[in-house]
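Here the sequence shown stands for residues 933 to 1403, numbered as in my numbering.
Because the hints were derived from the structure by calculation, they are not lab data.
Be careful, since some hints might not be right.
[What the hints assert, rightly or not] Capping the alpha-carbon separation at 30 angstroms, the derived lysine-lysine pairs in DSS-like fashion look like this:
1) Lys1291 with Lys1339
2) Lys1360 with Lys1339
3) Lys1360 with Lys1291
4) Lys1295 with Lys1360
5) Lys1170 with Lys1142
6) Lys1006 with Lys1021
7) Lys1170 with Lys1053
8) Lys1006 with Lys1053
9) Lys1339 with Lys1295
10) Lys1021 with Lys1053
11) Lys1315 with Lys1360
[Stated by the list, open to error] Taking CB as the label site, the calculated pair distances span:
12) Ala1354 with His1287: 40 to 48 angstroms
13) Gln1003 with His1287: 38 to 46 angstroms
14) Arg1072 with Ala999: 52 to 60 angstroms
Fair warning: this is a prediction, and the values are worked out from it, not measured in the lab.
C-beta atoms are modelled at their ideal positions from N, C-alpha and C, and glycine is treated no differently.
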Amino acid sequence: MTDKYESPLGSRYASDYMLHLFSADMRIQTWRRLWVSLAKAEMELGLPITAEQVAELEDHITDIDFACAAQREKEVRHDVMAHVYAYGKAAPSAAGIIHLGATSCYVTDNADIILYRDGLKYLRGELLKVVANLAEFADRYKSMPTLGYTHYQPAQLVTVGKRATLWMQDLLSDLEELDFVIGSMKFLGCRGTTGTEASFLELFGGDTGKIDEMNRMIRADFGFEACFPVCGQTYPRKLDSRILNVLSSIAQSCYRMANDIRLLQHDRQIEEPFEKNQIGSSAMAYKRNPMRCERICSLSRYLMADAMNAPMTASAQWLERTLDDSANRRISMPEGFLCADAVLRLSQNMTNGLHVNEKIVEKTVREYLPFIATENLMMEGVKRGGDRQELHEIIRRCSMAATARMKNGETWDLLADLAEYAAFGMTKQEMEAVLEPANYIGRCPEQVESFLAGIRHLLSDIGNSDTQIDL
933 MTDKYESPLG SRYASDYMLH LFSADMRIQT WRRLWVSLAK AEMELGLPIT AEQVAELEDH
993 ITDIDFACAA QREKEVRHDV MAHVYAYGKA APSAAGIIHL GATSCYVTDN ADIILYRDGL
1053 KYLRGELLKV VANLAEFADR YKSMPTLGYT HYQPAQLVTV GKRATLWMQD LLSDLEELDF
1113 VIGSMKFLGC RGTTGTEASF LELFGGDTGK IDEMNRMIRA DFGFEACFPV CGQTYPRKLD
1173 SRILNVLSSI AQSCYRMAND IRLLQHDRQI EEPFEKNQIG SSAMAYKRNP MRCERICSLS
1233 RYLMADAMNA PMTASAQWLE RTLDDSANRR ISMPEGFLCA DAVLRLSQNM TNGLHVNEKI
1293 VEKTVREYLP FIATENLMME GVKRGGDRQE LHEIIRRCSM AATARMKNGE TWDLLADLAE
1353 YAAFGMTKQE MEAVLEPANY IGRCPEQVES FLAGIRHLLS DIGNSDTQID L
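Take these sequences, add in the hints, and give me the full structure.
Right, here's the structure in full:
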């Protein structure tokens, strides 16, 4: 416990990996790696920097004196220059060449791009773990009939497994978008105060080839294929919009899945995991609330709203840059990643122990099957000489009457009512013979098998998640 506010994303929900990725330690280490890369490139391209200076910088990437930097920032009111000072204290022989030719955004923006890329790659693996859990679930229940709903009203039968493929399809759409964002990310490079590279024209005596080679060397150090062709002082904030948009998309898919399960848990058909000693309510000891799914939905709403920050920032970038993006991005970007991480971890946990109450599912199917079977009964009645329009009207009247009795808590028997009409040419027993649920699920098992076959390459190296979360 602490006497100061902590973000619940850090204290309750996000993974250690994501918390470390967006920590001050990782951020400033990344700044120092960028300073090392810049110094090394400048040395190799002929600027007066020695191998000993570069080596000393490399030796002091991790031993960050945050107290020294904080004290210096109070004096100069500039965070980057405060860390240049602290780094120089740790590597005194190189103090005079740190940040040579660069502007602050060289370290701040390139570091952000590096952290965002690594965060997106991590989230990709977490998303695939959810898909892997759902793939096993879909395969296990691919042929199990369940009542389908449109408008949340009883409709035709589907299968439990087929419904899970709808959730998976949404997540795989997010995966496609995520892969596009990762694959198209570019590096800022070292471009100067307004993106003109003027300082490096001076340093390299007008040799533009050396400037291009310097940027190629730096971006290669961090695994990027290209820099943005042009920029102002910062990288284009459209990248932030693209990133938060895909995180929002993941939240949308997880919300839809979790909300469906909340509805089904209300009907006792499917339940999220419920541990042996778990308490559902402080007052109502019998409760089994879908708290994981509710938490997924709650955090997903936050993430979808958070994603609005990036387009507002991107649209308000004045000319070569303005600083009113900084405070917003310090919050909205890391929190977006932490929230997406939390949503996916919860989704892994929930899908890894999803329970189907098969008897309840079967009972619900049997209750509504007489209504569902009426179209088949009408077709059979026509085969036996009945008039299609007359049979349709009989079914409509009897169905409405049966529904009214159901809503009034009375007993009802739709097939018995229909069998009284000679126009069908069938007894009640003959009508009951068509009430086999498997006859009303269409191609669901085949659709599930085909769907899973199409994504097998994605799942080949991923086992079901065993993520443990302090819930």
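Hint-by-hint comparison with the structure:
1. Of the supplied pair hints, the one linking lysine 1291 and lysine 1339 holds, its CA atoms being roughly 22 angstroms apart against a limit of 30 angstroms.
2. The suggested pairing of lysine 1360 with lysine 1339 holds, with an alpha-carbon distance near 23 angstroms, which does not exceed 30 angstroms.
3. For the given pair, lysine 1360 sits about 25 angstroms from lysine 1291 by alpha-carbon distance, which is consistent with the 30 angstroms threshold.
4. Between lysine 1295 and lysine 1360 the alpha-carbon distance is near 20 angstroms, which keeps this suggested pair within the 30 angstroms criterion.
5. Pair hint lysine 1170 plus lysine 1142 holds up; C-alpha atoms about 29 angstroms apart against a cutoff of 30 angstroms.
6. For the suggested pair lysine 1006 and lysine 1021, the alpha carbons sit about 17 angstroms apart, so the restraint of at most 30 angstroms is met.
7. In summary, the hint linking lysine 1170 to lysine 1053 is supported, as the alpha carbons are separated by about 19 angstroms, within the 30 angstroms threshold.
8. Distance restraint check for lysine 1006 and lysine 1053: the Cα-Cα separation of roughly 36 angstroms exceeds the 30 angstroms cut-off, and the hinted pair is therefore not satisfied.
9. Among the hinted pairs, lysine 1339 with lysine 1295 is consistent with the structure: their alpha-carbon atoms are about 17 angstroms apart, no more than 30 angstroms.
10. Straight-line distance between C-alpha atoms of lysine 1021 and lysine 1053 comes to about 35 angstroms, which puts the hinted pair past the 30 angstroms bound.
11. Straight-line distance between C-alpha atoms of lysine 1315 and lysine 1360 comes to about 17 angstroms, which keeps the hinted pair within the 30 angstroms bound.
12. Remark: the range hint 40 to 48 angstroms for alanine 1354 to histidine 1287 is upheld by a beta-carbon distance near 47 angstroms.
13. A hinted range of 38 to 46 angstroms is violated for the C-beta pair glutamine 1003 and histidine 1287, which are about 56 angstroms apart.
14. For the hinted restraint 52 to 60 angstroms between arginine 1072 and alanine 999, the CB-CB distance of approximately 56 angstroms keeps it satisfied.
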